[in-house]
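Visitor: Next come the chains, spelled out residue by residue.
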Amino acid sequence: MATDDDLAAEDPLGVDVQRSNGASVIRLAGEIDMLTTPALRAKVNEELQGKPTVLVLDMLSVEFLGSSGLALLVEALDESRNRDVALRLVANSRPVSRPLQATGLTDLFALYPSVEAALAG
Amino acid sequence: MATDDDLAAEDPLGVDVQRSNGASVIRLAGEIDMLTTPALRAKVNEELQGKPTVLVLDMLSVEFLGSSGLALLVEALDESRNRDVALRLVANSRPVSRPLQATGLTDLFALYPSVEAALAG
Amino acid sequence: MQTPEPQQRDRSSTATDPGAGSGGLAETPTPVEVRVHADPALIPSVRAVAADLAARADFDLDAVSDLRMAVDEACSALVPLAREGGQLRCGFAMADGRIDVICRVPVTGDAALRQDTFGWRVLTTLTDDAQVLDADPEWLGIHLRKQRLNP
Amino acid sequence: MQTPEPQQRDRSSTATDPGAGSGGLAETPTPVEVRVHADPALIPSVRAVAADLAARADFDLDAVSDLRMAVDEACSALVPLAREGGQLRCGFAMADGRIDVICRVPVTGDAALRQDTFGWRVLTTLTDDAQVLDADPEWLGIHLRKQRLNP
Ligand SMILES: Nc1ncnc2c1ncn2[C@@H]1O[C@H](COP(=O)(O)OP(=O)(O)O)[C@@H](O)[C@H]1O
Ligand SMILES: Nc1ncnc2c1ncn2[C@@H]1O[C@H](COP(=O)(O)OP(=O)(O)O)[C@@H](O)[C@H]1O
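Protein chains in written order, with the working numbering: chain R, 83 to 203; chain A, 83 to 203; chain W, 399 to 549; chain L, 399 to 549.
Hints are not guaranteed to be accurate.
[Unchecked claim] Sample of chain L residues at the chain W side, in silico, Cβ under 7 angstroms:
#1 R433
#2 D450
#3 L459
Keep in mind the hints are simulated off the structure, nothing from the lab. Only a predicted model underlies this, so the values are computations on that prediction, with no experimental measurement involved. Beta carbons: idealized from backbone N, C-alpha and C, even for Gly.
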């Protein structure tokens, strides 16, 4: 938001991508909400287009997950199926697990407690 | 505050006293502010009146320390000197160390990292 | 305990009846109110207030998370409908083991809140009650209620 | 960076000039405002908002702690002076690496804020600037300013 310059001085969502051996790992840190979802969507789509074998979303450092973020996860799941990419989420704390559970989405996703476990499959 | 019953449903400051071998340990948990300082003052004065050799204030679980709490600590220090009680604070985290430091009070107090260290002196 | 009373009689509860105030939805008195520029960048601060109040009212951690998320949904739905330069106002009333939240923004005549979205479904899933407040032509709001599970 | 400009020209900063608003101190527009019943039990929620805004404005942890404490002091000094049933209002403006806070309560004519207390000394120690706002006969306020140390 350009109007409140200092408020949004720090990007509230960190997105870091690492690729190796046909796997992409997107490490997220911060808050996934209406404000930060669009940039994340672009990044996830970019990785899906590269057709990795596995796409891991490391959400261990996510502090908030709103419905726009949940919608993005659902979209990414469908798109990963279309492209034969295995989408795997890494999440073990309340800010991610509670929204998935409360909205009944937990069972849709392949959830892992660590990036290593997700890469091992 | 009787008017906003549910807001203050939980006492925002836990105070727990243990006495043994002439030492009193007051364990505090929560917020020390305008609202909670009066009850804490009564408890501290009660312990000082018992003239223990050592009075330890365990502040490891204190989450906020306002000026009313700082003023109480300063009072308790004077009173402990009058009564020949060794007052020792246990504190190692920002919610306590920063207020003491920012107000220049750190040097007045005997600070310890743990209750064991405070009891050992 | 899970059965909200149909009528509310104590001071803080009547304040949550948005039809009661003479000032309309804009001036709905509650014990706690946050007013921010209707800017998505300020929604995180509003949802943080909701979480803080729920934690202080002794809601369990899942319920704190649910209320944070529900308030985020309500604000995210309303802010894009706000009039240029308008305020997002969220009032909170804590009573009888529940929290009532009334979020609203000033709108122009044709603003409407979609209830056929994923966001609205999430909001209704996370709360015990969610109502659109559209009786005031100048303001559009959402009233949420969340019960505490533990007594 | 540590030299506050004598005059403020952008939108959010002029909002921090309490003399500017036509509504007096009661209606001092800021990007974020919290209004609560003037009740000591609600001060923790107000200081939590101050800490949240400072953290989001990238203040270091000591500065977040200092602002939380300074706002607690301001509120604790004002709430006992508030008229029966009155509101404590705290406005926050974030700009140029600093946060301005204006806290105020409605008062009767003879209310005065003591500046010879330990609490006031703490408040001035923790902030870069602290002013009593007593130009409005109906409201009494405190204006605090805290600079971010890191650029
Ligand atoms: N039981 C809890 N569960 C979840 N969050 C909590 C809980 N207690 C406090 N918090 C959160 O931690 C933050 C700081 O809390 P605390 O240090 O107790 O507040 P303060 O210092 O403002 O009085 C608050 O913003 C609040 O949202
Ligand atoms: N860098 C920080 N330093 C201190 N406190 C912080 C920091 N970031 C966030 N907080 C506090 O932690 C609480 C929750 O933060 P967060 O989960 O990021 O907020 P939210 O989910 O509301 O968007 C906030 O109330 C805020 O005061």
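Visitor: Next step is simple, just say for each hint if it's right about the structure.
Guide: A quick look at each hint next to the structure:
1. R433: OK, holds: R433 (chain L) within 7 angstroms of chain W, min 4 angstroms.
2. D450: holds (5 angstroms)
3. L459: Not OK, violated: L459 (chain L) not within 7 angstroms of chain W, min 17 angstroms.
Checked against the numbered hints listed earlier, the structure breaks hint 3 alone; every other hint is satisfied.
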